[in-house]
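Peer 1: Take a look at the letters that make up each chain.
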Amino acid sequence: MANVVVNPTRMELTRLKKKLGTARRGHKLLKDKRDELMRQFLDLAKRNMELRLKVEEGIKKANTNFVIAKAGMSEPTLNAAMMAPKQSVSLECSTKNVMSVDIPQFTFKTKTADENDIYSYGFAFTSGELDDAVKSLSDVMQDMLELAEVEKSCQLMAAEIERTRRRVNALEYVIIPNTEEGIRYITMKLDENERSTQVRLMKVKDMMLEEAHHYSEKRD
Amino acid sequence: MYRVAVVGDYDSIYGFKALGMETFPVNNADEGEEIMKTLADSNVAVIYVTENLAKEMGKIINKYIEKVTPAIIQIPGIKGNTGAGVSGVKKSVEQAVGSDILFGEDM
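Top to bottom, those sequences are chains D and L. The first sequence finishes on residue 220 if you use our numbering, and the numbering steps up by one all the way, no holes. The second sequence finishes on residue 1107 if you use our numbering, and the numbering steps up by one all the way, no holes.
You may find that some hints are simply not true.
[Said to hold, decoys possible] Calculated lysine to aspartate or glutamate pairs in the DMTMM-like style (CA-CA distance at most 20 Å, straight line):
1) L:1067 with D:102
2) L:1090 with D:50
3) L:1059 with L:1033
4) L:1055 with D:56
5) D:218 with D:206
6) D:46 with D:143
7) L:1063 with L:1100
8) L:1063 with D:162
9) D:61 with L:1011
10) L:1090 with L:1066
No wet-lab data here; the hints were simulated from the structure.
Full structure from sequences and hints, please.
Peer 2: This is the structure we're talking about:
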């Protein structure tokens, strides 16, 4: 990796040391965040898969029932039966903060509390199969609504985990090593300067003494 | 107050109307995208989409995947299960972990 050019000064050294401290701390925090997110995500993902299989199974069954219901009735009758639903679903959406990820929390409300309000038609002109079909779909609805919440949370958390992981890696493998490298370079450069000053001073002292006392002439 | 919507071909979704969800029958992906946009901009928190339709609207679904609402959830349509929903779950595990460690072999 190309080395970043740093000025070998004390000020730069202090700055880099501070930066390294921050980077180390950030790295530790982000790593903790990633681990905790991952733990919660795995639980959620398992639940997600469970619900999804259940819902898909339920919808498949309901679809079969609807096909049978449709076979026993004329299309206009069926359309008329479904035209004006009695029931209506709405939901409150709040968000929960899990490790800085906002995940949605849905609370579902139906307009009427009566379970039988899913049959939006008179029983005279519709087949019994339609009742079964609507019932089978209604059975799976609760799970479908939960699936919406869980699956959305999963998607949001997966994206956040990916981002966090990238940050952790960038800190661990790029920022921290580079800063350490810079600090080492500056320390060495400063030490080297220190030594050269020392040597220069000694030399100057020798020369001055020589001038004052003429040691070399006396030795001869 | 948020609403729940179902988008897909008519045969797959008319049953949901009886349960009180709002159904939006569409014939092709273009209509689907149009409806999806209007729904997402209004106060719809959950949109169920049939897998067949979702397959052709990947772009717009991905656009909303990082927003808190709407949650776009794929459901199997009347033509059967394409497995897109399950692979969606696997995809998010893969995105988070790097490889699918949960549902690798057994599913």
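Peer 1: Give a verdict on every hint.
Peer 2: Status of each hint after checking the structure:
1. L:1067 with D:102: Distance of about 9 Å is within 20 Å: holds.
2. L:1090 with D:50: Holds: residue 1090 (chain L) and residue 50 (chain D) sit about 12 Å apart, inside 20 Å.
3. L:1059 with L:1033: holds, 9 Å
4. L:1055 with D:56: holds, 17 Å
5. D:218 with D:206: Satisfied, since the Cα-Cα distance of roughly 15 Å is no more than 20 Å.
6. D:46 with D:143: The hint holds at about 15 Å.
7. L:1063 with L:1100: The given pair, whose Cα atoms are some 23 Å apart, is violated under the 20 Å limit.
8. L:1063 with D:162: Holds. Residue 1063 (chain L) to residue 162 (chain D) sits at ~17 Å (cutoff 20 Å).
9. D:61 with L:1011: The given pair, whose Cα atoms are some 14 Å apart, holds under the 20 Å limit.
10. L:1090 with L:1066: Since the Cα atoms of residue 1090 (chain L) and residue 1066 (chain L) sit roughly 17 Å apart, the hinted pair holds (cutoff 20 Å).
Violation of the numbered hints given earlier is confined to hint 7; every other hint is satisfied by the structure.
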